Amino acid sequence: MAQQKKVSNNEALITFQNISKSYNNSLVLNNISFTINKGDVFGYIGPNGAGKTTTIKILVGLIRDYIGKVYIEGKDISNVRQEIYKILGYHPQEAGFQNWRTVEHALRTFGRLSGLKPDHLELKITEVLKFVNLEEARNKKIIHLSGGMLQKLRLGQALLNDPQILVLDEPFTGLDPSSRYQVKNLIKSLSLRGITIFFSSHILSDIQDISNKIGILNKGRLIKIGDPNELQSEFLIGNIIEIVYNEVGNPCQNLEQIDEVEKIELGAPNIQFIHLEANADLDNTIQKILRSIADQKCKMRNFQILKPSLEEVYLKYIEGDIK
Amino acid sequence: MSFKILFADELKGFYKSKVMIVLWVGLPLLSLLFHYITPNTEGFPISSIVAIILSSVGGTLASAMLSTSIASEKMRHVYDLYLIRPVKRTNILLAKYFSVYLCLIIATGISLTLGLILDQIFIGNLPEYVLNQTIESLTISMAAMAISCSIGVFFGIIISSVPVATILSVYIGNQISAISILPTVFLDFIDPVIFSLLIGPIAAVIMLTVSSILFSRKQF
Numbered sequence: 000m001a002q003q004k005k006v007s008n009n010e011a012l013i014t015f016q017n018i019s020k021s022y023n024n025s026l027v028l029n030n031i032s033f034t035i036n037k038g039d040v041f042g043y044i045g046p047n048g049a050g051k052t053t054t055i056k057i058l059v060g061l062i063r064d065y066i067g068k069v070y071i072e073g074k075d076i077s078n079v080r081q082e083i084y085k086i087l088g089y090h091p092q093e094a095g096f097q098n099w100r101t102v103e104h105a106l107r108t109f110g111r112l113s114g115l116k117p118d119h120l121e122l123k124i125t126e127v128l129k130f131v132n133l134e135e136a137r138n139k140k141i142i143h144l145s146g147g148m149l150q151k152l153r154l155g156q157a158l159l160n161d162p163q164i165l166v167l168d169e170p171f172t173g174l175d176p177s178s179r180y181q182v183k184n185l186i187k188s189l190s191l192r193g194i195t196i197f198f199s200s201h202i203l204s205d206i207q208d209i210s211n212k213i214g215i216l217n218k219g220r221l222i223k224i225g226d227p228n229e230l231q232s233e234f235l236i237g238n239i240i241e242i243v244y245n246e247v248g249n250p251c252q253n254l255e256q257i258d259e260v261e262k263i264e265l266g267a268p269n270i271q272f273i274h275l276e277a278n279a280d281l282d283n284t285i286q287k288i289l290r291s292i293a294d295q296k297c298k299m300r301n302f303q304i305l306k307p308s309l310e311e312v313y314l315k316y317i318e319g320d321i322k
Numbered sequence: 000m001s002f003k004i005l006f007a008d009e010l011k012g013f014y015k016s017k018v019m020i021v022l023w024v025g026l027p028l029l030s031l032l033f034h035y036i037t038p039n040t041e042g043f044p045i046s047s048i049v050a051i052i053l054s055s056v057g058g059t060l061a062s063a064m065l066s067t068s069i070a071s072e073k074m075r076h077v078y079d080l081y082l083i084r085p086v087k088r089t090n091i092l093l094a095k096y097f098s099v100y101l102c103l104i105i106a107t108g109i110s111l112t113l114g115l116i117l118d119q120i121f122i123g124n125l126p127e128y129v130l131n132q133t134i135e136s137l138t139i140s141m142a143a144m145a146i147s148c149s150i151g152v153f154f155g156i157i158i159s160s161v162p163v164a165t166i167l168s169v170y171i172g173n174q175i176s177a178i179s180i181l182p183t184v185f186l187d188f189i190d191p192v193i194f195s196l197l198i199g200p201i202a203a204v205i206m207l208t209v210s211s212i213l214f215s216r217k218q219f
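Those protein sequences? They're chains A and B, same order as listed. Counting with numbering that gives the first Met the number 0, you get residues 0 to 322 for the letters of the first sequence. Counting with numbering that gives the first Met the number 0, you get residues 0 to 219 for the letters of the second sequence.
If you are wondering where the hints come from, they were derived from the structure by calculation, not from laboratory data. Please note that a few of the clues may not be correct.
[Said to hold, decoys possible] Below are the DSBU-like pairs computed for lysine-lysine, each with C-alpha atoms no more than 30 Å apart in a straight line: (1) Lys85/A to Lys87/B; (2) Lys73/B to Lys140/A; (3) Lys17/B to Lys140/A; (4) Lys73/B to Lys85/A; (5) Lys129/A to Lys3/B; (6) Lys11/B to Lys85/A; (7) Lys17/B to Lys139/A; (8) Lys116/A to Lys11/B; (9) Lys68/A to Lys73/B; (10) Lys85/A to Lys116/A; (11) Lys74/A to Lys116/A; (12) Lys3/B to Lys85/A; (13) Lys140/A to Lys11/B; (14) Lys116/A to Lys87/B; (15) Lys87/B to Lys68/A.
Since this is a predicted model, take the numbers as computed values, not measurements.
Could you put together the complete structure from these sequences and hints?
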């Protein structure tokens with residue numbers, strides 16, 4: 000899965016610079032700054048009310064009253080809105096459609112408003128409907144669409160103008176597992192086309208699968224930004240090594256005597272969990288452990304450092320375990 | 000460009016949602032019904048009665064339609080998908096306003112034509128003063144409707160609750176639209192047609208400008 004991820008080219012595309020936003024004297028975003036590079040799939044995580052949607056609405060121009068600057072390709076978005084509209088696609092979390100429209104009619108209106116020429120628009124509608132797998136619903140009235148179909152339509156309208164930047168606000172909300180899988184695959188294929196994707200979600204496994212960069216937002220503050228592996232690696236300090244032996248009941252002895260080993264637990268008769276001290280030199284300690292295993296001629300089948308899941312990392316950050 | 004697209008779309012929306020048909024059929028039927036309930040109008044032409052009915056019912060209906068439509072679409076975040084495109088916010092409001100107003104003009108035309116036909120049948124050739132009176136009533140009605148519609152837009156923008164927006168636009172819309180006729184009732188020297196032709200567009204433009212400014216400042 001990780002091999003399919005698009006690797007960004009380190010060229011800054013979107014820059015949030017010291018963004019703050021308040022509603023009725025309540026600070027929703029508190030001086031956040033970060034950069035998204037061209038080709039990035041940026042996952043924006045945070046609990047409800049953290050400020051994810053506000054950040055996104057500032058980027059797409061729905062909120063214009065804020066402190067700080069947002070740049071796209073080095074240009075302040077408040078000065079170049081018309082240019083931004085051409086390269087941006089936005090999938091809102093909860094936008095409704097007028098119920099009397101059919102799927103095709105809705106797409107036609109949005110396409111025309113985006114400035115697409117009629118001939119090109121007809122082709123584009125067909126292409127988009129095929130891409131989001133809504134061909135059969137082409138002539139259906141919007142009022143008759145399921146939640147999953149509406150999400151796909153929201154994604155479809157965002158793709159009409161061939162955006163370079165796709166902003167998705169909670170694209171998986173309200174989807175059943177099958178639709179979620181489909182939408183996730185659509186996003187993956189869009190990222191492989193080179194589209195820069197900025198999406199928010201609270202479903203961490205989805206973010207982990209798709210993103211090459213993650214931002215964790217809590218109470219209006221961006222508390223961490225990095226790639227998923229980087230975030231997980233931070234927890235390797237003081238982490239656990241799992242050793243599986245091939246002979247039941249024959250784990251290696253005396254490993255707890257190695258410096259920087261805090262304690263040893265048995266997971267099963269042939270499985271040992273070695274807890275390292277928080278400040279342990281990982282490389283050095285692993286070397287000592289392996290040497291001891293070799294010296295004792297223990298028959299080892301597997302040796303691995305247990306990584307925390309992204310969910311654990313996220314919860315640690317949100318709960319304030321890491322400052 | 001966006002105005003043309005939005006205007007055509009709004010008309011289509013009203014057509015599809017049957018609102019237009021209700022207006023075009025309902026208002027003439029209401030006038031007819033009124034005629035048959037009170038057939039003894041003492042020589043007062045049906046066309047004039049139609050114009051009076053339209054000014055109150057049509058304006059109220061349009062005002063309610065606009066405030067309901069804008070408030071509910073705002074609440075359901077329908078405009079988010081427009082505003083991330085090169086669409087002027089003012090055009091969204093103007094497209095709504097003019098599509099409802101155009102529907103009303105057509106409904107009024109149908110109702111008045113029907114009224115005039117009935118007058119021709121039941122009264123015969125109408126004297127010129129009756130026709131003048133009808134035109135006068137019609138002009139005042141159109142001015143009142145223009146004002147009511149703009150009040151509907153205004154309350155649709157500033158109020159988030161659909162029922163509250165509807166109640167306020169119906170009640171206050173009716174009161175304010177009376178400015179198109181009230182001065183002419185008390186001051187004989189004011190020509191009602193000229194006055195309503197002036198006050199209708201002026202009041203509507205003021206209300207729409209205020210609404211447009213508020214809508215442009217709105218954070219979605």
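Tell me, in ascending order, the numbers of any earlier hints that this structure violates.
Those not satisfied: there are none.
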